[in-house]
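Visitor: Top line first, the protein sequences correspond to chains B and H. Using the numbering used here, read the first sequence as starting at 1 and increasing by one per residue. Using the numbering used here, read the second sequence as starting at 1 and increasing by one per residue.
Everything labelled a hint here was simulated from the structure, so no lab data went into it. All C-beta atoms in this analysis are idealised placements derived from N, C-alpha and C, irrespective of residue type, glycine included. Check before you lean on any hint, since a few could be wrong.
No farther apart than 27 Å at their CA atoms in a straight line, the calculated lysine-lysine pairs in the DSSO-like style are these [unchecked claim]: (1) 366(H) - 328(B); (2) 63(B) - 36(H); (3) 339(B) - 300(H).
Label pairs and their in silico Cβ distance ranges [stated by the list, open to error]: (4) 328(H) - 303(B): 41 to 49 Å; (5) 328(B) - 365(H): 12 to 20 Å; (6) 83(B) - 59(H): 34 to 42 Å; (7) 328(B) - 357(H): 30 to 38 Å; (8) 231(B) - 141(H): 34 to 42 Å; (9) 141(H) - 328(B): 54 to 62 Å; (10) 106(B) - 107(H): 32 to 40 Å; (11) 365(H) - 56(B): 50 to 58 Å; (12) 295(B) - 357(H): 18 to 26 Å.
2 protein chains.
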Amino acid sequence: MKKITIGLVVALATLLSACSNDDGASAGAATQQSFKWKMVTTWPKNFPGLGTIPQDFADNVEKMSGGRLKIKVYGAGEMVPALQTFDAVKSGAAQMGHGAAYYWKGKIPAAQFFTTIPFGMNAQETNGWFYHGGGNELWQEAYEPFGIIPFPGGNTGVQMAGWFQKEINSLADFQGLKIRIPGLAGEVVADLGGIPVQMPGGELFSAMQSGALDATDWVGPYNDLAFGLYKTAPYYYVTGWQEPGAALEFIINKQAFEQLPSDLQAIVEIATEAANANMLALYTAKNNEALQSLKEKGVKIRKFPKDVIEALKSSSLQSVKNLVASDKMAEKIFNSYQKFLAQSSEYHALTEQDYYHNRSGIDWAKAQPVQE
Amino acid sequence: MKKITIGLVVALATLLSACSNDDGASAGAATQQSFKWKMVTTWPKNFPGLGTIPQDFADNVEKMSGGRLKIKVYGAGEMVPALQTFDAVKSGAAQMGHGAAYYWKGKIPAAQFFTTIPFGMNAQETNGWFYHGGGNELWQEAYEPFGIIPFPGGNTGVQMAGWFQKEINSLADFQGLKIRIPGLAGEVVADLGGIPVQMPGGELFSAMQSGALDATDWVGPYNDLAFGLYKTAPYYYVTGWQEPGAALEFIINKQAFEQLPSDLQAIVEIATEAANANMLALYTAKNNEALQSLKEKGVKIRKFPKDVIEALKSSSLQSVKNLVASDKMAEKIFNSYQKFLAQSSEYHALTEQDYYHNRSGIDWAKAQPVQE
Numbered sequence: 001m002k003k004i005t006i007g008l009v010v011a012l013a014t015l016l017s018a019c020s021n022d023d024g025a026s027a028g029a030a031t032q033q034s035f036k037w038k039m040v041t042t043w044p045k046n047f048p049g050l051g052t053i054p055q056d057f058a059d060n061v062e063k064m065s066g067g068r069l070k071i072k073v074y075g076a077g078e079m080v081p082a083l084q085t086f087d088a089v090k091s092g093a094a095q096m097g098h099g100a101a102y103y104w105k106g107k108i109p110a111a112q113f114f115t116t117i118p119f120g121m122n123a124q125e126t127n128g129w130f131y132h133g134g135g136n137e138l139w140q141e142a143y144e145p146f147g148i149i150p151f152p153g154g155n156t157g158v159q160m161a162g163w164f165q166k167e168i169n170s171l172a173d174f175q176g177l178k179i180r181i182p183g184l185a186g187e188v189v190a191d192l193g194g195i196p197v198q199m200p201g202g203e204l205f206s207a208m209q210s211g212a213l214d215a216t217d218w219v220g221p222y223n224d225l226a227f228g229l230y231k232t233a234p235y236y237y238v239t240g241w242q243e244p245g246a247a248l249e250f251i252i253n254k255q256a257f258e259q260l261p262s263d264l265q266a267i268v269e270i271a272t273e274a275a276n277a278n279m280l281a282l283y284t285a286k287n288n289e290a291l292q293s294l295k296e297k298g299v300k301i302r303k304f305p306k307d308v309i310e311a312l313k314s315s316s317l318q319s320v321k322n323l324v325a326s327d328k329m330a331e332k333i334f335n336s337y338q339k340f341l342a343q344s345s346e347y348h349a350l351t352e353q354d355y356y357h358n359r360s361g362i363d364w365a366k367a368q369p370v371q372e
Numbered sequence: 001m002k003k004i005t006i007g008l009v010v011a012l013a014t015l016l017s018a019c020s021n022d023d024g025a026s027a028g029a030a031t032q033q034s035f036k037w038k039m040v041t042t043w044p045k046n047f048p049g050l051g052t053i054p055q056d057f058a059d060n061v062e063k064m065s066g067g068r069l070k071i072k073v074y075g076a077g078e079m080v081p082a083l084q085t086f087d088a089v090k091s092g093a094a095q096m097g098h099g100a101a102y103y104w105k106g107k108i109p110a111a112q113f114f115t116t117i118p119f120g121m122n123a124q125e126t127n128g129w130f131y132h133g134g135g136n137e138l139w140q141e142a143y144e145p146f147g148i149i150p151f152p153g154g155n156t157g158v159q160m161a162g163w164f165q166k167e168i169n170s171l172a173d174f175q176g177l178k179i180r181i182p183g184l185a186g187e188v189v190a191d192l193g194g195i196p197v198q199m200p201g202g203e204l205f206s207a208m209q210s211g212a213l214d215a216t217d218w219v220g221p222y223n224d225l226a227f228g229l230y231k232t233a234p235y236y237y238v239t240g241w242q243e244p245g246a247a248l249e250f251i252i253n254k255q256a257f258e259q260l261p262s263d264l265q266a267i268v269e270i271a272t273e274a275a276n277a278n279m280l281a282l283y284t285a286k287n288n289e290a291l292q293s294l295k296e297k298g299v300k301i302r303k304f305p306k307d308v309i310e311a312l313k314s315s316s317l318q319s320v321k322n323l324v325a326s327d328k329m330a331e332k333i334f335n336s337y338q339k340f341l342a343q344s345s346e347y348h349a350l351t352e353q354d355y356y357h358n359r360s361g362i363d364w365a366k367a368q369p370v371q372e
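Based on the sequences and whatever the hints tell you, model everything.
Guide: Now the structure itself:
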């Protein structure tokens, strides 16, 4: 009897531990597995917004999955350099990444449409096109050859034109201007006689202080304040013609995604949608606050003169035309992008733009019984 | 031996069935339960956008939870009439609802701040305030006495001012105007000599055709086209001063929410964030398309004259002032709302509004090699 009893106890113990090791089954054996993923990013670890939103995403996925999918987020350079994020996800070294599509324009010229186009869609229009205008499907098609699935990963809203050592009073002031500016906008600046420089955000402060740069764009008040760029130049130019609604991206290794059970796949996808929206809400709140701080620090807000805006527009049109003519996928994407933008431009001129105009001048503080 | 072996087999079988019955454990026994919820809504079943987004939400929750939380969505009148949605969730007859906070202004005057305020925040600003400006916390505080937890549940973007039988050429044309218009905007119209009417969307078509109404607001091109309102009046007035960014809401019975394990609570909350963003993206895409259809049908787009806009603004300011003076919670919420709006108005005038202005006139079709 004794031996058998021991045998029974052992048998029970084994089964019990099998049960308690099951940390999150939802539908059949396949889903009883737990997963640990790595997410590499193009941002400094926990950089405001750009770096914190991917961490929030990872936290949400862990909560929703009851711990069955844990994602460790790496800052730029912690696992791979910022601009090797795409390759790390392609190879599977990391299952996931967060960055911006236009960083990969060397591999995929058309990718620029999935971040931002000078004088193109703003954030609200970009999300309309991504989710309900065919944008996401074209994005997936563009990344498919690399075994990568893209998802929208946030938006900064309209950015700022950037920080300038000298005022821009005419087109002539672009001659020889050394300015850090990414994507198609770099070609536009070059077309106007400037010298576009590609440089990661982390190097901008010293390059502006040393005079290696005459001007730099970065993002907007929230992120520019974090880098202290107001200490490097007196003039802050609005509006970000070059990035009217820069979209970020989550990229996922296709094989890794397909190994997830369907409930975890849904959790990942819906979590990207929440993160995409949450970043724009965060920037909308923080940019407002940061602009006030910058003004208190004496930053001089400037706008480009009309002739400069018009030159930037015609040059932007030409640079997009060149891109579209040079690449079949770019042409296919632009065909969709341009149709959506043509309609949304007309609609938003009648609604969002007209509303901002009509609202101006109303002083809500007057409705407040207690002035604070 | 035989008896003991049988005893062993029974013991094993019991344990095995305990394992296989575990249809979704993630952290302890509490989470092994499945849940069936009812969601009542203030919209016709599957009405474009307003009705389809809650269904998408329910589908996403079921997918993410591996079927552990199933939510059945009811259209207005299927379980309770539209305007009993709040009470049905309060009583627990339904665990969840979808509608708009300003429908409950009789119970909670301050609730209007969580839908829209005439000449107040647009959609992007509203989401900034909700998620990162303290709005959601105030919303939860306002609903707490009713045992209901609110979550943002979508946004239509800037609406249209509505459909008018006659042109509005001056303030005098508001005298005796019978117009369907909800919320604070109704008080504004009354202040200008009009006759505001409260009426559910489903009744608008016949009321306009019978002449019971001289004018009506509803939402925007996407939803107005669905109701065929273009057949009832020739003039379509932009811009929706009365609803510059109408927010919808998910409301959840607090006890029902607290009975969910933490992973399902996270799934529900993140799914509301995705649904909230998805509705604005949907309206951004569909309003563009619908506006084109309406123009093809010969709809005459009109704008109010400047003096009408100014009168609407000062009257809106006064009606908000009255609300704030009459209700302590309204005053507390307005204090937060007004501070956020003051900053975002200034910021968006420099960015979003200035960008729309700078972008105007660019003809992207010129960048397209193949004209279609």
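Visitor: Taking the hints in turn, state whether each one holds.
Guide: Each hint tested on the structure:
A hinted pair counts as satisfied when its Cα atoms are at most 27 Å apart, and residue 366(H) with residue 328(B) qualifies at roughly 17 Å. The hinted pair formed by residue 63(B) and residue 36(H) meets the criterion: a straight-line CA distance of about 21 Å does not exceed 27 Å. Only pairs whose Cα atoms come within 27 Å are accepted, and residue 339(B) paired with residue 300(H) is accepted, the gap being roughly 23 Å. Between residue 328(H) and residue 303(B) the C-beta distance comes to about 42 Å, which sits within the given range of 41 to 49 Å.
For the pair residue 328(B) and residue 365(H), the beta carbons lie near 19 Å from each other, so the given range of 12 to 20 Å is met. At roughly 38 Å, the beta carbons of residue 83(B) and residue 59(H) sit within the given window of 34 to 42 Å. The beta-carbon spacing between residue 328(B) and residue 357(H), approximately 34 Å, falls within the hinted interval of 30 to 38 Å. For residue 231(B) and residue 141(H), the Cβ-Cβ distance of about 40 Å falls inside the hinted range of 34 to 42 Å, so the restraint holds.
For the pair residue 141(H) and residue 328(B), the supplied restraint of 54 to 62 Å holds, since their beta-carbon distance comes to about 55 Å. Range check, residue 106(B) to residue 107(H): about 59 Å between beta-carbon atoms, so the 32 to 40 Å window is missed. Distance hint check: the CB atoms of residue 365(H) and residue 56(B) are about 39 Å apart, inconsistent with the given range 50 to 58 Å. A C-beta distance of roughly 21 Å is found between residue 295(B) and residue 357(H), which places it inside the suggested range of 18 to 26 Å.
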